[in-house]
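K.L.:
Please work from the sequences and hints to get the whole structure.
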Amino acid sequence: MTVNLSKGQGISLEKSGGGALSSVRMGLGWKAAPRRGLFGKRTKEIDLDASAVLFAGEQPVDVVFFRHLVSDDGSVRHTGDNLVGGAGQGGDDEAVLVDLQRVPVHVDQIVFTVNSFTGQTFAEVENAFCRLVDETTGQEMARYTLTGGGQYTAQIMAKVHRTGGGWTMTALGTPANGRTFQDLMPAIVPHL
Amino acid sequence: MTAELVRGQNHPLTETRLEITVSTGDPVLAGILLADARGHVAGPDGVVHPGAPRRPGLEVPGRAAASHRLTVDLGALDETVHRVTVALALAAGAAGPDRFGATAAPFTAVHGPGAAELVSFTLTGLGPETAVAALEFYRRQGAWRVRAVGQGYTGGLAGLLRDQGLAEGAGALAAAAHEAAAPVPRHATASRTAGDGTPAAVAPPPRPGEPAPATAPPPAAPPMAAVPPAAPSGQASEPSAPPQPLPAGGGRVDYRHPGRAGGPTAAGPPSPQQASQQAPQRSPQQDPPAGPPRPVAGDAEGWTPEERLYNQVRGMFEDLARAVAAYRSAVSFADARRERELGQALADPRSRTGGTAGRARAEAEARHAALVTRARAVLDRDLAQLTAESEVVEPALPPAFARWDNPVWHGYRVPMENPMALRLGDLHLPERPELRIPLLVRLPLETGLWIDGGRTGTTADLAAGPGGTRRAAAEAAVALAARLLAVHQPGDYTLHVLDPAGSAAASLAPLLESGALPGPPAAGAAGVTAVLSELTRRVDLLHMAVRGGAPDALPPDLAAGEHLLLVNDFPHGFDDRAVTRLRYLADEGPAVGVHLLMVADREDARAYGPLLDPLWRSLLRITPVPDDHLADPWVGHAWTYEPALVPAGSRVLVQVLRQVAEARRAWGR
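So the sequences go chain by chain: A and B. Here this note's numbering is used: position 91 in the first sequence is 91, and no number is missing along the way. Here this note's numbering is used: position 158 in the second sequence is 1158, and no number is missing along the way.
Keep in mind the hints are simulated off the structure, nothing from the lab. Careful: at least some of the hints might be erroneous.
Unchecked claim - According to the in silico footprint, chain B covers these stretches of chain A (three or more CB under 8 Å from chain B):
(1) 56-70
(2) 84-91
(3) 98-106
(4) 131-141
Said to hold, decoys possible - Short, incomplete list of chain B residues facing chain A, as computed with Cβ under 8 Å:
(5) 1004
(6) 1008
(7) 1107
(8) 1122
(9) 1322
(10) 1325
(11) 1329
(12) 1330
(13) 1334
(14) 1337
(15) 1375
(16) 1378
(17) 1608
Where a beta carbon is used, it is the ideal one built from N, C-alpha and C, also for glycine.
P.N.:
Rendered as structure tokens:
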């Protein structure tokens, strides 16, 4: 069974064994811009940012991004802003961790987004991907390759939402444009 | 740096002692095949499988399970071995799936010494196969490399073996492997649970020079599992939590902390914050059936018991702030939603007739109540956990962190080292006023303290009556100064008191009576000037010495040690010059160990206008009566602060200060 989700596909985050998924991680990785010879500091860095927006009844109640690394309730944590990218070999350069058991009762959807803060489109960034991982087992549940994704600077990646007693993840994969998650809010609303 | 391989990709290896972890959705058995230069497995001896789980340098688990650890020492293999293949096969006869396509994609990772993950490979795209060659290690120009294979076989283990050149006996060998690995139902479920999220329960990677740990689970559990190496030392006063039940897989040493069900996850060590939050954040899945584990004092990271307790208190502080933030956010959302729904019901003209509006109102109220009830239930669960933690932490606190009514103060002995932090008082939130979090500040103090003797208008303040708040402020200051004297080594902390009008004489009595304060407090304008000049000179010279890099050149009367200046009734007795000196001390003093503790009512100093505002802002304001003016750094709740006061009628303060004075005399300081 492949683990890649196609656009719009939903998977329940309940395990076959009956245990609910307790924590998920959205990872984002990309390859740093190549150093430019003599004056290396003038390299045009590439800064992608991962964010998570918490919604309650379609109202945003909290957001986790590079300026607010932990949601007020402590359930969603960002591992910290990476301004330049990494080796581009598949490791996460930024990650957002969600402890689903700790998410406040009124929050029913969490939307994950990726933005290019420095403005390069995904066509210009090498080895860029984002993925969702079951943090307890390390299993990848969904992966998007952003590189080659066209002239877009942002992507609304996926949402996890409450269904019954558990959580379901739906892959969205909608391209968009924007510098931070605020610019994406109009694009996010139709997916709620 | 982990390299995530895709099928067919290879990666050089610099290590030869390797550990391979396998995690799958359903029980599988794992084996290792050794092939020669031509790629043929020589015979049954070349297969390490659950029926014959050990060979020099190789070891595989003896049972089918959903997570495995295999150890491979490539350096210990014969020269003739050119290829080492890691194979997986679905457990036969189990209730699990009959093909890899029906289970989660197997995940494999190769770890080097120190458990560092070198490469990982997720075997995606499998369909009807029941056995798969996952990874292979092979020699290339004298060095070993690893390749992600992911080749599946519909013919099961026998088909895989045949393909590897084992013509005869492949079927028999496969049958033997399956038989040996046949999961006893109890084992299958147990190892599956262990693979579901508690990798901390499996044996550690082998260290060079040690025999590889027995990952095959014999029924006998090693007795050392009951002695967790991570148990906090120095917490003998605490009954340790009952050890967790051993994973039913047996045989494996449980390295988890007895008080922590959820160990670090496979993703790496948890951040300090995560670790400190783990107690109330445990998921039910990781909990033993007995319910949440009992909290243990000192259950946080740190080098010393003191630091562990400090971090634990800080973790409790943050957890309480965040738990309440979640609750308040849910309640305010519920309120807003009810408002909206009621508004909609009333705005719709059709609903005005009949009982529709009434029904809509009742529905909105019911939805509101349901959400608030659920939020409250979650909050109550968290608060119960934090209360239980507080109940074990409070009695374990050292004097510097403890309330004055803690028995540790009755058994007080002068300390041999200085503390890292000091308890200024307690904090609580209106959601659970009886859950008190100690307000600890790091020592040495980075800013001065200001005990506000002014009227705050709170009920406690009004109850104190006119002048009562001011008297309470002086008492709080004395309790704080006495605490600072007591928790430092004798002679390391010197107290200077300015009481220009003598208005705090009654409150200062314990300090004088016990001899902890050698002379009477400086009185009058002359006394103020004398003390301030001396401290100003001290700060000035120390700064000069520090900047000049000549700390040895100080005059002998400027010995090391910290000083606390307690100013009562500011600005009484202060002229402009003295006020300027005081501001100098507040700004420059903390860096060289001269600290300020002011008891003041801002109203008294209003003649100075805004000139003193920077001084007030630079001080940490605390109140002698409960008041909600302190904000936490995470969410910004308004916390109600209560000072750490000596219980009425208690002699503990004088007893402690006597010991301090005696020790100082005995030490000749």
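K.L.:
If a hint holds in the structure, say so; if it doesn't, say that too.
P.N.:
Cross-check of the supplied hints:
With 6 residues having a beta carbon nearer than 8 Å to a beta carbon of chain B, the segment 56-70 of chain A meets the requirement of three or more and the stated coverage holds. Counting residues of the segment 84-91 of chain A whose beta carbon lies closer than 8 Å to any beta carbon of chain B gives 4, which meets the minimum of three for the stated coverage. Remark: the segment 98-106 of chain A is confirmed as covered by chain B, as 6 of its residues place a Cβ nearer than 8 Å to a Cβ of that chain, reaching the required three. Interface restraint, the segment 131-141 of chain A with chain B: holds (6 residues with C-beta to C-beta distance below 8 Å; minimum three).
Annotation: residue 1004 of chain B was flagged as interfacial toward chain A, and the flag holds, the nearest CB pair being 4 Å apart, inside 8 Å. Here the hint on residue 1008 of chain B is broken, as its CB sits about 15 Å from the closest CB of chain A, past 8 Å. With a least beta-carbon distance of about 6 Å to chain A, the hint placing residue 1107 of chain B at the interface is held under the 8 Å criterion. Against a cut-off of 8 Å between C-beta atoms, the interface hint on residue 1122 of chain B holds, since the closest Cβ of chain A lies about 6 Å away.
At about 4 Å, the closest approach between the beta carbon of residue 1322 of chain B and any beta carbon in chain A falls short of 8 Å, and the interface hint on this residue holds. Nearest Cβ of chain A to the Cβ of residue 1325 of chain B: about 4 Å, under the 8 Å cut. The hint holds. A distance limit of 8 Å between C-beta atoms decides the matter here; for residue 1329 of chain B the minimum to chain A is near 6 Å, and the interface restraint holds. Because the smallest distance between the Cβ of residue 1330 of chain B and any Cβ of chain A comes to about 4 Å, under 8 Å, the interface hint for this residue holds.
With a cut of 8 Å, the hint placing residue 1334 of chain B at the interface with chain A holds, because the nearest CB-to-CB distance is about 7 Å. A cut of 8 Å between beta carbons decides the hint on residue 1337 of chain B: the least distance to chain A is about 6 Å, and the hint holds. Because the beta carbon of residue 1375 of chain B sits about 5 Å from the nearest beta carbon in chain A, less than 8 Å, this interface hint is met. Checking residue 1378 of chain B against chain A: minimum C-beta separation of about 6 Å stays under 8 Å; hint holds.
The closest approach between the C-beta of residue 1608 of chain B and any C-beta of chain A is roughly 38 Å, which is over the 8 Å cut-off, so the hint fails.
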